[in-house]
Amino acid sequence: MKISVKVNGTERTADVEPRLLLVHLIRETFGLTGTHEGCDTTSCGACTVLLDGTPVKSCTLFGVQADGREVTTVEGLAAGAELHPVQVAFKEEHGLQCGFCTSGMMLVGKALLERNPDPSDDDVRWAISGNICRCTGYMNIVKAIQLAARIKAGATEPAKV
Amino acid sequence: MSTETEEIRGLGHRVKRKEDDRFIRGKGTYIDDIKLPGMLHMAILRSPYAHATITGIDTSKAQAVPGVVAVVTGELMAQHKLAWMPTLSGDTQAVLATDKVRFQGQEVAAVIAEDLYTAKDALELIAVEYEPIEPVVTPQRAMESDAPVIRTDKEGQDSNHIYHWESGDKDATDKAFADAEAVVALDTFYPRSHPAPVETCGCVADINPATGQATIYMTSQAPHAIRTVFALVAGLPEEKIRIVSPDIGGGFGNKVPVYPGYVVATAASLLLGRPVKWIEDRTENLISTGFARDFHMHGEMALKKDGTMTGLRVSLLADEGAFHADAQPSKFKVGLFHIVTGSYDLPAAHVTADGAYTNKAPGGVAYRCSFRVTEASYLIERLVQNAAYELGMDPADLRLKNFIDKDQFPYTSATGFVYDSGDYHAAMNMALEKVSYRELRKEQEEARARGELVGIGLASFTEIVGAGPHKDYDILGLKMSDGAELRIHPTGKAILKISVQTQGQGHETTFAQIVAEEIGIQPEDVKVMHGDTDNTPYGLGTYASRSTPVSGAATAMVTRRVREKAAKIAAHLLEVSEEDVEFAKGKFSVKGAPDKVVTIQDVAFAAYTNFPDGMEAGLEGVYYYDPPNLTFPFGTYAVVVEVDPDTGVWKVRRMVAVDDCGVRINPMIVEGQIHGGLCEGFGIAAMEQITFDEDGNCIGANFTDYLLPTAWETPRFELGETVTPSPHHPIGAKGVGESATVGSPAAFVNAVIDALWPLGVRNIDMPLTSAKVWEAIQAAGGSKKT
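Each protein sequence line maps, in turn, to chains R and E.
Here this note's numbering is used: the first residue of the first sequence is 1, the next is one more, and so on.
Here this note's numbering is used: the first residue of the second sequence is 162, the next is one more, and so on.
Treat the hints as calculated values from the structure; they're not laboratory data.
Be careful, since some hints might not be right.
Stated by the list, open to error - So the derived list for chain R, only partly shown, Cβ under 10 Å to chain E, looks like this:
1. L20
2. G45
3. F100
Just so you know, even glycine gets a beta-carbon here, dropped at the ideal spot from N, CA and C.
Isolated chain E (complex conformation) (with noise of 0.2 Å):
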């Protein structure tokens, strides 16, 4: 029997990614890459007008185009009563208009035809009339008495209004701000930005006629959960819908709602009888799919004079789009926002949400965040950065003295969660020390002494993220937990399948580590299968950083379930009882023996040909799991900026990010995560805005005008970390993919208006262009008054 001593690459190891070997000789397979005999290929017709009805469309020209097979038009889709779909969020959303166009953008008619040149040779030839009507661009018109009412397809829908929410202790607020020695007020505005994965969103339906088999790839972050919908929506046994995410080009939230492009590419497949390809251009991306954001946000704090913060108020004002399809637990309407309570001991806290209807994209997808809990963490961290200025305090000290203490967990907040763990003073004193925070504050007084404007900002946010348990969290119904299946084959090598969807996670690595982790597999011999319905354990999917809280505590358990299988196989071969084998780093030994020894691999060989009597052949196992709780990851980023006073250009000097996501399974694929995170929390404090002007025109649909970061603007990042493990987690792990977008947007603009703070600039909404920083330096007077 095996006694080898190669050590097992499990948990804090950092394992190269398998998922690279194909990607670096560019022999991933993404959506655009599969190619079926027969297919076709469409393109889709959408409004140039924010608001308007339709009277009439003919697509007689088009149809007559050489190569087009079928042009599909609302009204086709209504005789299959496919012309409206359900949003996420339990509104219902045109798939191809009939009555009236609601944004710009909106999807009208689509053509399928041999080939997409000729699909969009063929949508121009399609006359569509229209008569506008007044766009609705804003929540505030869209609330007022007189403004349009742009939902005339749903009956009791008089105004605009969608839905009120409230949450937390409207008294106790009330009567901590009629006690409080000091409040402080912030208005702000967290404009519409778009997840914009640089591969766009598209599917290709192949539906046999012969079988009914629907075989839809789609770049899905949620492929189990897209098949029950389409099962519900379209009628289709959900035995017969095979739905496959193969490799995804980044999803951020973008690939998670069902878009009208993949319901009338599976209507025509249908209809037609052969597979359909749809692959959105980027503007069709950025015009009509998941945008992310846009709170227009008030938040009050009550204080002592000595800084000990005594309660929180906020309302919200939030900009729906013309259909609500917020991708979020059906129990919450603006997501998880009322964790604005953050990081502090805040004893009494009330939040009020209101949505509006307004002639823009639906959507509402959580851009690399836990439903909404990015809005929620950047308003605090503003917030508490404008307190401490208001009340003369350093804002690193007004943290420090209101952080909720590391004995004071299992912490419930005044909004209802309870946090699972945390050690925030830490993480702070941590990144403060590396920046070396109190040496800065001295030279940023001599600097501005000389004229000069630098600023130092700092975010500690504390993210929720994991969604189950169950009881509380679902989407349309389903509720929210996750799956894995685990097959050891008589070799010792492995399969483990799971129900999340990676898009760059590097889950076919990390998952391999947790199973090597917990009984001894090397990684690089677990093969790790994702995205096919066919094949895997049903889950809710990948997004809201819940894959490794939910899927990654159900690999932990499946494999735990199978141990306790081979121990039983372990005491067996080496002629023990059960009670006297013990595990540990991959090997099966006698208690009080440690010579005697079995390997997985030895028992995996058994567990097909040398089994106890009376034992199943075989070492497998599936376990879903049910979250006991959410995970609650934490940190402090800490930036420091340079700003022209002449021009509004900032520069980063630094930026210094502390995190703690409890136990690491790979620190590699985590740093780089963080990376990823922090980088598009720059793009959104900096430049990333999709904009309309008062016509409802989209003026920011494409890459020349949606402006992201690219390496030469994008900070030097140097990271920190802490550990303080999940409790209830099998492997103490919590969600850290977004924890870098949630936290760093305020650290950003907090270094600005630091830096600008003497000039009295109190507030300048993201992204902060350096026009608008400019603007600000101006309105307040200038930056000679220093």
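The following block holds chain R by itself, in its conformation from the complex (with noise of 0.2 Å):
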């Protein structure tokens, strides 16, 4: 089947099986490998993406289902040379380790911050709970998260990263 998807602000077409799941579509054929696959049964949320701005598991949706719709990974966070504010605050509160499920986190984070500019530490908490992180203990994802709320709004300096 023939599908168009923009990704990352580009519009990109490609010709898959319907059974393409949209995890390989964005990993395998559109190359862009910093979307992970971790669990398979959308529980982990190491697979994590935003379909038109809204965080979506993308081992539990065929590629297909993109078609005509708007895909961002991680790789579409930074704009430029210019990081988004979660990926600055997510270095500045080490709120990652491994980096297997930041991705995952950072989109969440950044859905979670454009519908709630200030969120507490609940609200972050109950964002993420459906992406797991082995290695952290989520306190300075949470952190990081509500960090990147006082950069976007203008009331910290973003450190250098």
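Both chains are sitting in their own frames, so use the hints and assemble them into the complex.
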């Protein structure tokens, strides 16, 4: 099937099998390997991308379901050389260790901040509760997303990364 | 000459991590990101039965699928003498089954195809005939004389018993129990769990048919050891094997062993002359690779009426699965479990352990702990709490009374370990103060009077991490020491190559800080390389919290070795004798004339351009560190819980963790390690378990059944620290990556049992699901009797 997907702002087309998973369309067909695959059952969130701005687990969607829609992956977070506040904040607050869940966590954080610019600890924890991290115990991920909120609001100067 | 005074960001600095720059941009290179020209994909067919004889395999339909390049069976592997491989405990394990299958999920055949979807389609067309045999699902059943023998492949193996092992002094312990004024016992099962890193295991095997060069990209925590094992098993010349461990999405012990998938992919690449990629799916990861724990333990403690501990007796039965594949030092059958005397001055102890084969996956890896230390720590800390209640003492007071005193270090335990340093009273007192322990006990009394179930749990663990020394510790004969190589370039920037492999611990940052501390080059100017056996010095790898204790020590030592030469060059530049040069904070100066200074950058340039006559050019070195002893980090954890008497749901109100891991290289990273370990410890205490039904079907083989803590359930952690340096480590550091997983499960369980003790509940085995807690409350007669 021929599909057309806007990926990180660029229109991409592909001719794919109907059963091709969205995560494989992104990783294999489009070559964007920042999206990771962790569990195959929508449980871990490593494969999270934004579909029309909403976080989805790309391991449980077909590529064809993205036809005519807009996908944002970790590679689309930064605007050129300028990092998104969640990227700055994850480094600043030590919100990542092995880095495997990080793409999904940052995208969920970005989506959260767009609807809630000043999330509480509980707000962040609920938002990321579909994403598993085995390294950090979540403490610093929560702090990072809250720092990103302050950077976005202009309350804090982003540190150099 | 430079006189800049920028502070050197060495030990104790919260340096932001270098590795983050690629990860936050999605530019890491994990195993599944590696794509080679002509690369094929492999998928593995696994046994649906726990125990069955294979009577036939028909691969013809699978072979005929367009896009399928090869189907590999055990028979084909046997033709190349690769149907079996050695395990890390010196047993053998089937690579692809030939005679029978011994656990559900065991590897039976593999399809190699042009793409993964085709390979998985073809798996369904392989017809395997099985004749089921009675499965042996528990080690208790395995040890019965009429149990089916699982390892019929092993000559002389006429039962399922693998080993009997003892440690300590039986006679002295028997005497302690004969003289005891009180004896407290506990039977507990530490269930089978799984490290479950978010990235599964996988490899890309690339054997060049023209040159014989074998490059194997692999999710490995121990690439050098794997290279040697591959050379020994496959008969490949070691210089032509290059193991590359790329970015790793978490390991926690899961990525220490060699798995059949690696061997089959490598053999397939050798046979087909093309690169072969194999990536596990999640179910394969949980059902077949490195499980952890699975110990059935009995502990007894002898005490005086005043609470003085006089003896400890422990027996355990280990469920090893179908192949004895524990990743552990050869000399010790149950790892370092005999650290079970913990933080207490126990004059006598005796441990017996037996291992049994069962029809379950092999593995026996240390899930974020040093070789079975978490099982030991759990048992003693649960037993101590029960002992306190039985004697009518407060559990904190009983611990404080029996701790090894700080003046007793180095302390030789009843099972023969020499603890390097510690101040257990200080760590516990800090934890008690932070959590307001004495006030909490009063609040608890009041809550109980209102019928509320509030519990306070403590655990004071002592860990043992950083194996070697050489003389006692090896894996398959490979002695446990590690190397580091430092090269300083003319502009004063350096490359450090280390033998250990990061999986998120931040080696690229912390090891650069060690160099910074020792020679004054800023961490951002030190590139740390690891994970590629062609380009790094030999070593046994990253697990059991051994990176900092061993390779970190090697890093400090090689930097000091290079600094000795640097001092000679500095003397030459300063036109004084070497004895008159002193080094501090990155600068070489003349004793008594501190304004006469050269920096390491000045020296580095001179090392290639202006060095004394008779000296070789260059500024580099290599060091292999054989640790004189292990390091013994410790701490006290305190947990406060509320239990709902009607539902069994328990919630953590507070979690205080005081850790002492000696000198902290990067406190930010240390705290991150502790957070992660506490979360995994919470998961083990509350929800993680690999379960089986009576037929040996694994019924916890995905993340909807094998539950992991999310941010929502995970408690908020409050940390504290004391610093007792290791006296034998060059920078006084101890390992820390696993302390929190070792120490915390007992603290969580102790808190729940503390809440339920007045009801008559004496033990609940992990994981403490609300259903199990509710059942325990009901079995004790319900919650109303308070």
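How the hints compare with the structure:
Checking L20/R against chain E by beta carbon gives a least distance of about 8 Å; that is within 10 Å, so the hint holds. Annotation: interface hint on G45/R holds; nearest CB of chain E at approximately 9 Å, less than 10 Å. Nearest Cβ of chain E to the Cβ of F100/R: about 3 Å, under the 10 Å cut. The hint holds.
Hint violations for this structure: none, all hints satisfied.
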